[in-house]
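Each chain is listed here by its residues.
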Amino acid sequence: MSESTQERQLRVSRPMGLSVIHLDMDAFYAAVEQRDDPTLRGKPVVVGGSPNARGVVSTCSYEARRFGIHSAMPSSRARDLCPSAIFLPSDFSKYKAVARQIREIMGRDGAMVESLGLDEAFVHPPPGMDPVTLAGRIKGDILREVGLTCSVGVSYARPLAKLASEREKPDGFTVIDQAAARAMLPDLPLGDLWGVGPRTVALLARHGIETCADFWGTPREELLTLLGPGRTWDLALLTSGRPLVRERSTSRAKSISRETTLTQDARDPAALDELLVEMAEHVVDRLEREGLAASTVTVKIRYSNFRTLTRSRTFGAATSESSQILGAARPLLARLVDGSTGVRLLGAGVTDLVYPDDLRQVRLFGA
Amino acid sequence: MKVITDQSQLHAGLQMAYRAIAGGTAHPILTGVLLTAQEGILHISATDLEKSIEAVIPAAVEMPGSLVLPGRELNEIVGRIPGGDIEISAPEDRHQAVITWRASEFVLNGYPPDQFPALPLADGSGAFSVSAGDLVRALSKTVFASSTDDSMPVISGVRLRVGDGRIQATATDGYRIAVSEMEAPGAGGQVMEVAIPRKSVADLVRVLSSAAGEEDASVVLSENHIFFDLPSGVKFSTVLLEGQYPDVLSMVPAPGDYRTRAHFDRAEFAGACSRTALLAEDHRGARPLRLHLKEDRLIIRASSAELGEAYDEIEARVDGPTLDILFQAKYLIEGLRNIGPERLIFSLDDDEGAARMQGEDDSEFYYVVLPMKPRE
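First to last, the sequence lines map onto chains U and B.
Taking my numbering, the leading residue of the first sequence gets 1, the next gets one more, and so forth.
Taking my numbering, the leading residue of the second sequence gets 368, the next gets one more, and so forth.
Below, in silico cross-link-like pairs of lysine-lysine (DSS-like), each with a Cα-Cα straight-line distance of 27 Å or less: (1) B:740 x U:254; (2) U:96 x U:43; (3) B:661 x B:697; (4) B:697 x U:254; (5) U:94 x U:169; (6) B:740 x B:697.
The hints are simulated quantities; they were obtained by calculation from the structure and are not laboratory data.
Looking at chain B on its own, in the form it has when it is part of the complex (with noise of 0.2 Å):
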C-alpha cells in the first residue's frame, strides 16, 4: 500500500473514526484503525464491536491495500504534523507502515487487516433518511434520562421511533422520562422502534454534528444494527439495544389528565431549584426538594437536620387543586435546562404520581417526572 494524501484531511477522518476503538484492556487489534486504500479513497474505519465508524478522504493512491495501525499514536503522529502531504507506504508481507512528511519518517507497527473484524453490513430492510440536525437535537435532550443502572440493561440507552413522518426518541431510568418528538418528513409510512446503546449515542451525536451538521443523514435498520450513512462519506453503525423496550409513555398520564397546572418562568425555577437544593438532606444520594403549588405562586423548600433550612418562591399561575409534593432535585434540574425557551408548563396530578413538564412554545420536548414519597 502506499498512498499520498493531504494531513489536515487525514487527520479529520482519524478525529472521526478514532472515537470508534476500543478501550485498553480489549483484544490489541480493536485499538487500531483499519485503513484501506484503493481508486483514489482512503477508507479509515475503527470498532470496538459495538459501535463503528468509517471516514473516507481523497488520497492519490500510489499500490492499492490495506493495513491496521495503533490507533492513538497515528492520531497523535498526524496531529502534530502543521500540515502538507503525507506519504504512507506498506510493503505487502509487513504489518509495518512508514509514515513519511517532509524530514520526518516513522515506521509504525502494525497489526494484519485480515484480522481486523469485519464491519457489519448495512443489509437490513428499514431504511429512511432525516435531518442529521434533529436527529442531534432528539438524542441529545434525552439521552441524560437513560438509565445507567447495569442491571436494566434495556432502558441503558434511547429508544428511537421512526415513521409516519415523525421521529420521536425516548429515555427513561425508571424514575423519569424525557421525549424529544418532531416532523421527519423524509421518515416514511412504516414505523420503526430501535434502542441505541446510551454509550453509542454520545459518539453517533458527535459524528452526526461534524459529518452531516444539518444535512440528511440516510438509515438504514436490520436485526440488531443501525446504520447511518452521512453526505461527507462518513459511516456510522452500532448494535442496538436487546430486549422489549418498556411502553412508558402508556404508564404516565396523557397530557389532559393532570389535575393542577402551574405555569412559571423556567429560568426563574431553576435557579431556585438549583438554590435550595444546597441545603437539601442527603436520603442516599437524592436530594429532596418539597413544592407547594397553590394560586399564584410555586413555593421551593429544603432543610437538612445538620445544615439548616433553605425557601424559595416564585410567581406561578396554577390552575386546580394546591399540591405539595418532593422531588429530587437533580431529576427538576437536569429536567430542566431542557426545556426551552422561556415559561414552563408543570402538570400535576397527586403527590404519588408522575409530573409533566414542557415549555409553554415547545412542541418538541417534554419531560415527565416521578416523586419522592415517604418510606412506608
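Isolated chain U (complex conformation) (with noise of 0.2 Å):
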C-alpha cells in the first residue's frame, strides 16, 4: 500500500523533543478524602450529589469505577450499581487549597504551569529542563507533600502528553514521543484525541471515519466539505501528532464557563443546586488563578425537550469572590427549575471579564 500523504508529512516533519508535561491528579475529589480519612481507603467513594436528592456524580475512586459508576452519572444510579459505596458531598475549599499546592509544586523549577481546572494541568519546562526528570521530580514531590497520586504524560505536542497521561492511569508515567506516536496514531479513536469534540467525532463516524489512520485514508475534498478548511487542517495536525500552530492559547478570553450534560435528565432543583454550585466554583478557580473578575454571571438551562434558556446578572463592579458569583447564580437556577420539567444542560459562566492589565480611560468629569 502506498503511503499517505499524511504519513509521508509524518515521516519528513523536523523531530521535534519532548517539550510538555501534562499532569491530572488521580480521582481527585476522591482521593482526597481518602487521604482525609483513613476508613475510606480501598472503598468505593463517591463524591458529588446525595442519591437521595437526585444528585450527580462529580468523582469517584477507582474502586468506585470498578462498579461502572462514573461522573456526571445520577447518583441514584451510581448507588443501584454499587449499593456499598459511601457518598461525601463536594468540599470545594478543601479541593482548592489542595489545587494551590499542587500547583506550586508544579511551578517550582520555574516551569509554566497552564492550568485546565482544580485537577489537571499543562506544564511546561524551562529552557534547558529535561521534561522527563521535571515530571518525575513533580510526580514525586506531590506524593511525598501531598500523599497524592497523580498520572503525567511527557510528549512534544499538548494533545499527546495529554493522551500520555490518560494511558496509564492511575500513577501512570508515560512518554510519547515521535516513535510511540507514529506507532500508536493510527488505530486511536479520533474521539481520545485532546481538542476533538464528541460533535466531531459523531459527525466522521458517519462517514465511517473513526481512526486516526481512517482520517488520513479520506480523500481531502471529503474532509473539507465535512469539516471545513479549519477544523481539516486542526484535525490534519492532531491526527499526525504535531502540535496545532498556536500550541497555547494568548488571546484574551472573554468568558469563562463550564456546562455538563446530564447523562440522565435531573428535575430535583437541589440536585441541579448542587451541581450548578460545583461548576460555578470551578469557574470561580479559574478567575483566582489568572488573577480575573468578572461583572456577569450567567446560568444556562437545556431542559429535556431542547428548550435551552440562559439568565445572567450583572454587578455594579467585577468581582472574583465565590460568595457573589454563587449569590447570583443560584437565583437565577432557581427562576428555571420548577422541579418537574427534566433538565439535560446545565451551565455556569461568567462574562465582562477584567484583566490585571486593563487599562481605564481617564475622564474630565462624571461617572
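Build the complex: two chains, separate frames, hints provided.
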C-alpha cells in the first residue's frame, strides 16, 4: 500500500524533542477524601450529589469505578450499581487548597503552569530542563508532600501529553516521543484526541472515519466538505501527532464557563443547585488563578425538550468572590427549575472579564 | 398655486431643504417639503422639528399658494429632469400637485399646508454677523469630539461662544476636548454661548458651505433656537442643547502650566500612531498606545497578547521631564487630523493628567486629551 500524504508528512517532519508535561490528579476529590479519612481507603467513594436528592456524581474513587460508576452519572444510578458506595458532598474549599499546593509544586523549577482546572494542568519546563526529569520530580513531590498520586504524560505536543497521562491511570508515567506517536496514532480513535469534540467524532463516524488512519485515508476534498478548512487543518495536525499552530492560547478570553450534559435528565432543584455550585466553583477557581474578575454571571439550562435558556445578572463592579458569584447564579437557576421539567444540560459562566492589566480611560468629569 | 421655475434652481433649493426632512418613523407630513409661492419667489421649507431649512428661488408665480409635497419623491423627480422650465400647479381645494416638464407629467399627492408645523421665528435679541467660512471651519474641526453618549445630552454637540470680536467652538465627550478659536470682527461686544446638537452641526456645515461660501451669515439667537440667515436667501435654524454646558477648559491646565513639552512632525506622529495601533490590545474597544517622551525622541509602542508588539519612534525635541503615558490610539489620531499644518507642540504634565496638542503655527485649533491608566 502506498504511503499516504499525511504519513509522508509525519515521516519527514522535523524531529521534535519532548517539551510538555500533562499532569492529571487521580480521582482527585475522592482521593483527597480518602487521604483525610483512612476509613475510606480501599472503598468505593463517590463525591458529588446525594443519591436521595437525585444528585450527580462529580468524582469517584477507582474502587467505585470498578462498579461502572463514572462522573456526571446520577448518584441514584451509582447507588444501584454499588449499594455499598460511600457518598460524600463536595468540599470545594478543601480541594482548592490542595490544588494550590499542587500548582506551587509544579511551578517550583520555574516551569510555566497552564492549569486546566483544579486537577489537571500542562507544565512547560523552562529552557534547558529535561521534561521527563521534571515530571518525575513533580510526581514524587506531590506524593511526598500532598500524599496523592497523579498520572503524568510527557510529549512534544500538548494533545499527545494529554493522551499520555491517560494511558496508564492511575499513578501513571507515560512518555510519547515521535516514534511512539507514529506507532500508536494510526489505530487511535479520534475521540481520544484532546481537542476533538463529540460532535466532530459523531459526524466523522457517520462517514466511516473513526481512527486517525481512517482520517488519513479519506480524500481531502471529502474532509473539507465535512469539516471546512479550519477543522480539517487542525485535525490533520492532531492526527499526525503534531502541535497545533497555536500551541498556547494567548488571546484574552471574553468569558469563562463550564457546562455539564447529564447522562439522565435531572429534575430535582437541590441536585441541580449542587451541580451548579460545583461548576461555578470551577469558574471562580479559574478567575482566581488568572487574576481576573467578572461583572456578569450567566446560567444556562437545556430542558429535556431541548429548549435552551440563559439567564444572567450583572454586578456594579467586577468580582472574583465565590460568595458573590454563587449568590447571583443560584437564584438565577432557582427561577429556571420547577422540579417537574427534566433538565439535560446545565452551565455556569461569567462574562465582562476584567484583566489584571486592564486599563481605564481617565475622565474629565462625570461617572 | 401655479408656478414656473428653472429645473436647476428648483433642484438646488430642494437639495438644500431636503436635509431637514425627518426620517422614516416621523409623522408623514415631516417627510414633506412646504412649497409657498408668492411675489416671484418660491419658498421651499423642511423641518424635522429640531432643525429647519428654508431655501428661496425665483419663480414665475401665476397663482400664489402653498402645498406640502413628499420631499424625497419631489427631489428625485426634479433631479431626473435634465433642465428647462418645470411647472408646478395645484388646485385650491386639492392637496395634490401636477408637475409638468415637456411631455412628462406627474400627479403627486401631498398634504394640507396648514398641517405643516410653523417654523420657529427669529425674534431673539442677540444678533451678529460672522464669516460663514470661519464658522464652518470652527464647527467641522471640533464636532468629532462631541459626545455620542445619550446619557450625557448636554455635551452631545458643539458649544459656540461668540463675542468680543471672537468666535470659539468647543466640543468634548468627557475624554478629550477640541477647541477652535478665531477672530470674528462681526461678533460684537456681548458674549453669547449656545450649544448646537451634534446632529444639526453636520447639516449646518453643509448648508453654510453650499449657500454662503466665504460670505457673512447673520445669526440671531432666541431662548432655545439659533437662526442663520445666509446671503443666498437660505435660512437655517436649529434647537439648542438644553442645560449648562460644563466649563471644560477650566478643568485642564492652562497652556503654560505643562511641565513636559515636545515638538515634532505631525504627519510622522500620525503615521506612527496609525501603524502601531494595528497591534494594540483591545481593552473593551479602546486600543492603548504607550508613548515615551525623552530628550530627542518620541517612542510609540503597542502590544497585544495574541498578535504581538509594535514599536515606532520619531524625532522630537522634548523639554522637561521624560514621561511614559498611555493614550487611546483613536483619540490621538482623530485629534491629529485637525491639527495643522506641519509641526506640533505636545504638552504634558504627568501620566494621568490631560495633554494638549497644538500646531506650532496654528493659533486656531487645539486639542486636549486624557490618558488611560491601569485599572485600580
